[in-house]
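Colleague: Assemble chain B onto chain A, guided by the hints.
In order, the protein sequences belong to chains A and B. Going by the working numbering, 192 is the number at position 192 of the first sequence; the sequence numbering is gapless. Going by the working numbering, 135 is the number at position 135 of the second sequence; the sequence numbering is gapless.
Note that these hints are calculated values from the structure, not bench results. It is possible that some hints are incorrect.
To be verified - Which chain A residues stay away from chain B? Per the calculated CB distances, all over 12 angstroms, these:
id	residue
1	R33
2	S64
3	S88
4	A96
Claimed, not checked - Here are the simulated DSBU-like cross-link-like pairs (lysine-lysine), alpha carbons at most 35 angstroms apart as the crow flies:
id	chain 1	residue 1	chain 2	residue 2
5	A	K218	A	K109
6	A	K44	A	K185
7	B	K66	A	K220
8	B	K66	A	K185
9	A	K185	A	K102
10	B	K66	B	K149
Where is the CB? At the ideal position from N, CA and C, for every residue including glycine.
Here's the letter readout for the chains.
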Amino acid sequence: MARRTCIFFISLLLLGGNAALAQDTVTFPLHIRAGFDVSGPVMKLIDKDLISYGVNGSADINSSVALTAGFRYSSFNSSEVIYDFTSSGLSITAGADYNFIKANVSQGKYSAGIGLRYGLSFYREEASMIRYTNEWGAGEAAVPPGRHTGHYLEITPGVRTEIFPGVTIGWNLYMRLLISAGAGKDLKPVWMPGYGAGTSGMRTGAEYYVSLSIPYRKIKVYIKPKIQESDEDEDEEGGQPAGTGSSSGTTGFPSRL
Amino acid sequence: MTRFHTIAPVTAAIALIISISSCSVQPCYEDTDPLMITEMLVSGTGETAKADSLRVYTYRTTDTLKFVSQKGVSRFSVPLDPGSDESLFLITLNGVTDTAIIRYERHPHLVSPECGYTLISEITGLYTTHNIIDTLIIENPSVDLDGQKNLHLFY
Numbered sequence: 001m002a003r004r005t006c007i008f009f010i011s012l013l014l015l016g017g018n019a020a021l022a023q024d025t026v027t028f029p030l031h032i033r034a035g036f037d038v039s040g041p042v043m044k045l046i047d048k049d050l051i052s053y054g055v056n057g058s059a060d061i062n063s064s065v066a067l068t069a070g071f072r073y074s075s076f077n078s079s080e081v082i083y084d085f086t087s088s089g090l091s092i093t094a095g096a097d098y099n100f101i102k103a104n105v106s107q108g109k110y111s112a113g114i115g116l117r118y119g120l121s122f123y124r125e126e127a128s129m130i131r132y133t134n135e136w137g138a139g140e141a142a143v144p145p146g147r148h149t150g151h152y153l154e155i156t157p158g159v160r161t162e163i164f165p166g167v168t169i170g171w172n173l174y175m176r177l178l179i180s181a182g183a184g185k186d187l188k189p190v191w192m193p194g195y196g197a198g199t200s201g202m203r204t205g206a207e208y209y210v211s212l213s214i215p216y217r218k219i220k221v222y223i224k225p226k227i228q229e230s231d232e233d234e235d236e237e238g239g240q241p242a243g244t245g246s247s248s249g250t251t252g253f254p255s256r257l
Numbered sequence: 001m002t003r004f005h006t007i008a009p010v011t012a013a014i015a016l017i018i019s020i021s022s023c024s025v026q027p028c029y030e031d032t033d034p035l036m037i038t039e040m041l042v043s044g045t046g047e048t049a050k051a052d053s054l055r056v057y058t059y060r061t062t063d064t065l066k067f068v069s070q071k072g073v074s075r076f077s078v079p080l081d082p083g084s085d086e087s088l089f090l091i092t093l094n095g096v097t098d099t100a101i102i103r104y105e106r107h108p109h110l111v112s113p114e115c116g117y118t119l120i121s122e123i124t125g126l127y128t129t130h131n132i133i134d135t136l137i138i139e140n141p142s143v144d145l146d147g148q149k150n151l152h153l154f155y
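Chain A extracted, bound-state conformation (with noise of 0.2 angstroms):
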């Protein structure tokens, strides 16, 4: 109802000389939403040397941006021939995602955006066993256990549904650029919490996402109608008049542009 109202008030406005402004509004609710990735657990099936646990929640702040937050503890553990190594550690991350949906068609039920964190990785590092040969002979070292704090930046392209009223999927993938890992350039870690392998400048992957979703704003989102050119146009497009979204039951006003 709120809705037919509020086109009919922009229709009463138009009706008044306003057109060039045409304009049309949907109601969006802002949710907050709390998840866990799945891909950890899973991940872990295929390695085993890694458990790596994550949550993330966002809240809208309009219907194209999303603050967010990130904590994922990991732990590797590698018994190689050459090293023993392990770290452990929690990582945060914080940004921000931009949905490239338009809110009358998102209605804030799917997402298709990307998004940028920046992270925090707070570990610690041990090497138990290095075996080295050289000309010399073999031997064996050790890195003495080491507390170190890494920085990197996330890159998130990603996708996300609502399934059931309250919970949503998601796919992200991630490009993560490495900053620092905070140990120094000859004990960087085999491999850094949250980030992954700490001698790579750059690390990809996938993380996916189910989440608890609540509504706790409605906002009103303006959305300009299509200018319709020709007759033609309105016939390749099934007869359907532009800026017609099935959720907002807008019209173009075809007679007055």
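Modeller: Leaving out everything else, chain B in the frame of chain A:
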């Protein structure tokens, strides 16, 4: 919305491929053995000297390790003993033998997850006899994988 539901599984498949490929095991192709590089120079002029013959070796309780045996060379590289804080080398230059002792501190260095760790060294001091060697000086104390010259040997 149909388009969105088509994009989601495709993205999921790409994500899975990237995830699996990013944790595949890679072989080691990198150099993991730091070498101490010494350049030989003519005493007085500082010009590069080409030795007619050069042998670098060390005696151990059970055997002799031969590192270099070459003719017509102006520089040589030898590994430091990663199991000790000093290495002793016998340098036979144009048939005359000198002894050089190199002292250093060792530090672990991660080459890569595939290649593992190596021990790099920081030269802290050296000692040499002077049968043919005039001076042995430290040019760059870091014996690592960068391939930089470490010592200048004047004779």
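Colleague: Would A96(A) pass as off the interface with chain B, using Cβ distances and a cut of 12 angstroms?
Modeller: Per Cβ check, A96(A) is outside 12 angstroms of chain B; nearest 20 angstroms; holds.
Colleague: Please verify whether K66(B) and K149(B) have alpha carbons no more than 35 angstroms apart.
Modeller: Cα-Cα ~21 angstroms, so holds.
Colleague: Beyond 12 angstroms from chain B, beta-carbon-wise, is S64(A)?
Modeller: 16 angstroms, holds
Colleague: Does the alpha-carbon distance linking K66(B) and K220(A) stay inside the 35 angstroms limit?
Modeller: 82 angstroms, violated
Colleague: For the pair supplied as a hint, K218(A) and K109(A), is the alpha-carbon distance within the 35 angstroms limit?
Modeller: 13 angstroms, holds
Colleague: Against the 35 angstroms threshold, does the CA-CA distance of K66(B) and K185(A) hold or violate the hint?
Modeller: Distance of about 32 angstroms is within 35 angstroms: holds.
Colleague: Is S88(A) truly not at the interface, in the sense that its beta carbon sits beyond 12 angstroms from all beta carbons of chain B?
Modeller: Given a closest Cβ separation of 16 angstroms, the condition holds.
Colleague: Tell me if the straight-line CA distance from K185(A) to K102(A) falls inside 35 angstroms.
Modeller: 46 angstroms, violated
Colleague: Verify the proposed pairing of K44(A) with K185(A), using a straight-line Cα cut of 35 angstroms.
Modeller: Holds, because 29 angstroms separates the two Cα atoms, which is no more than 35 angstroms.
Colleague: Was R33(A) rightly flagged as not at the interface, with every chain B Cβ beyond 12 angstroms?
Modeller: 17 angstroms, holds
The structure fails hints 7, 9 (numbered hints given earlier, in ascending order).
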